[in-house]
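Engineer: Here's the letter readout for the chains.
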Amino acid sequence: MMESVVQLKNLRVEYPIASGSSVPKLAVNGLSLDVRQGEVFGFLGPNGAGKTTTMNVLLGFVNATGGEARLFGVNVREPIARQRIGYLPELTYYYKFLSAEEILRFYAKVFGIERMEADRRIDRLIKLVELEHASKRPLKSYSKGMQQRVGLAQALINNPDLLILDEPTSGLDPIGRMKVREIIQRLKNEGKTVFFSSHELGEVETVCDRVAIVHQGQLREEGRVADLLAKYKTGLEQIFLDLIGYKPQAIT
Amino acid sequence: MNTVWAISTVVIKELYRRKDFYVLLVLTTLLTLAAGSMSFFNENTIVRALKEICLLLIWISSLIIGITTAARQIPSEKENRTIFPLLAKPVTRWQVVLGKFLGCWLACGITLIVFYVFFGILVGAREHTLPVAAFAKLMWMQWVALGVVVALALLGSVVLSAPGPNATLCFIVVLGVTFVGPHLGKVSVGLTEPAGTLLYSIYFLIPHLEWYDLRDIFINDQILPGNAACFMATFYAAAYATLLLVLTWARFRRQNLNT
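Top line first, the protein sequences correspond to chains A and B. If you read the first sequence in the working numbering, its first letter stands for residue 1, the second for the next number, and so on. If you read the second sequence in the working numbering, its first letter stands for residue 253, the second for the next number, and so on.
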């Protein structure tokens with residue numbers, strides 16, 4: 001039996017009442033998921049479905065109102081739960097005054113990686129994301145794609161067992177997308193777990209073992225990609241649109 | 253401790269890679285040089301005036317650096333969203349608060365060393381002597397006081413998200429407790445109850461930053477407080493800064509951060 005890597009049990013997240021509203025905003029409503037070791041898990045849903053909130057709970061940014069969230073069996077509120085994970089946010093959120101090498105060194109220190117080992121990993125990751133020519137330049141001089149590659153490198157600095165990717169290919173050019181896909185595939189081959197959200201359903205279909213589709217904070221469907229395709233006898237995009245109740249309007 | 257140290261080094265790197273730090277440094281240097289070039293009093297008066305102006309500039313500049321640096325740390329982490337990759341690592345919010353504090357406080361220390369070395373050269377050139385021990389004590393006490401100020405600005409930064417109003421408020425509070433605070437005890441004696449007790453309580457509760465301002469004693473060549481007194485004052489400031497940092501953490505740890 002494979003280890004449970006991401007475990008959500010009846011997760012509920014409410015945001016405080018906005019002015020003019022009498023009920024709190026329910027971002028996630030009774031969501032339960034179980035992602036096993038070695039899986040590439042696609043977390044899908046339209047904008048505002050609760051995907052990012054769920055990821056924010058997993059990463060400890062947001063506190064759950066109810067239910068339970070665990071990483072490697074440890075409550076996500078415990079910082080140790082994040083020792084074995086790598087996180088790539090949708091946009092690049094790094095210190096612009098530091099160089100790629102300094103950023104990687106900083107995160108290596110945070111993980112308590114020894115200097116020699118950190119040097120080795122930094123060299124390898126800089127090569128992996130093809131930033132050798134710019135590794136000593138401050139990030140403010142980088143293009144968006146280059147910054148995203150730094151993001152990918154920092155997410156891998158601790159050699160994580162679980163990689164959480166929030167729309168990793170958003171805003172990337174085709175080469176960048178291919179690179180991310182290659183890395184996901186490589187991690188999968190190494191037996192790592194990847195949990196990622198994406199709007200690129202074709203990509204999800206290609207790389208994911210299992211997917212979950214959420215809408216309005218609730219789980220609408222979950223299963224192996226092949227099983228879902230067989231069950232609905234249509235492509236993932238159509239399954240997604242049907243499950244969220246999308247009705248195409250005639251263009252007049 | 254590795255994590256706290258790593259976070260603090262980023263704060264220091266940010267400070268010396270920003271232009272405003274150098275602007276302040278150059279401005280202070282120019283003003284001090286200008287003051288040092290005055291020669292329209294007799295020699296003793298010049299040296300005294302020079303010391304007064306330089307130490308006042310050092311106090312103001314270090315306060316500006318300490319408060320503005322600390323006030324923007326957590327808000328800019330949130331605004332630039334650099335807090336997210338950081339907290340996605342095994343980092344607690346207490347470590348973030350502590351790392352930010354240590355970084356800002358060390359940055360203040362580096363700035364003070366630069367200022368005091370420059371001040372020492374200037375005074376030494378005029379007086380032909382250099383009271384290193386007195387300089388060290390003066391600088392240490394100022395640095396200790398800046399620890400409380402930095403912790404106060406950090407607390408303000410998790411209550412008021414905009415660094416500008418927080419920095420302004422911190423300046424007002426610091427100037428208030430330094431210049432008005434010491435007189436509250438005397439004023440409270442003449443007040444009717446319960447105002448008297450209330451004011452007296454405030455007098456005891458506010459941080460007594462005036463204890464750390466040894467400028468007048470130094471300028472007037474009086475005897476500086478002994479090591480035991482400095483140690484007690486350091487302990488008092490450490491306790492106060494710890495209290496402020498715990499309050500900062502208590503406020504910050506439950507804050508939801510949405511990407």
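I should point out that these hints are in silico values taken from the structure, not numbers from a laboratory. All C-beta atoms, glycine included, are put in the ideal place defined by N, C-alpha and C. Among the hints, erroneous ones may be present.
Said to hold, decoys possible - Short derived list, chain A residues pointing at chain B, Cβ under 10 Å:
no.: 1; residue: Tyr15
no.: 2; residue: Glu78
no.: 3; residue: Pro79
no.: 4; residue: Thr92
no.: 5; residue: Tyr95
no.: 6; residue: Phe111
no.: 7; residue: Met116
no.: 8; residue: Ala134
no.: 9; residue: Arg137
no.: 10; residue: Pro138
no.: 11; residue: Ile183
no.: 12; residue: Arg186
no.: 13; residue: Asn189
no.: 14; residue: Ala230
Engineer: A separate judgement is required for each hint: does it hold in the structure or not?
Structural biologist: Now for the hints, and whether the structure bears them out:
no., hint, in the structure
1, Tyr15, "8 Å, holds"
2, Glu78, "9 Å, holds"
3, Pro79, "4 Å, holds"
4, Thr92, "9 Å, holds"
5, Tyr95, "6 Å, holds"
6, Phe111, "6 Å, holds"
7, Met116, "15 Å, violated"
8, Ala134, "17 Å, violated"
9, Arg137, "13 Å, violated"
10, Pro138, "8 Å, holds"
11, Ile183, "17 Å, violated"
12, Arg186, "21 Å, violated"
13, Asn189, "24 Å, violated"
14, Ala230, "35 Å, violated"
In the structure shown, a violation is registered for the earlier hints numbered 7, 8, 9, 11, 12, 13 and 14, in ascending order.
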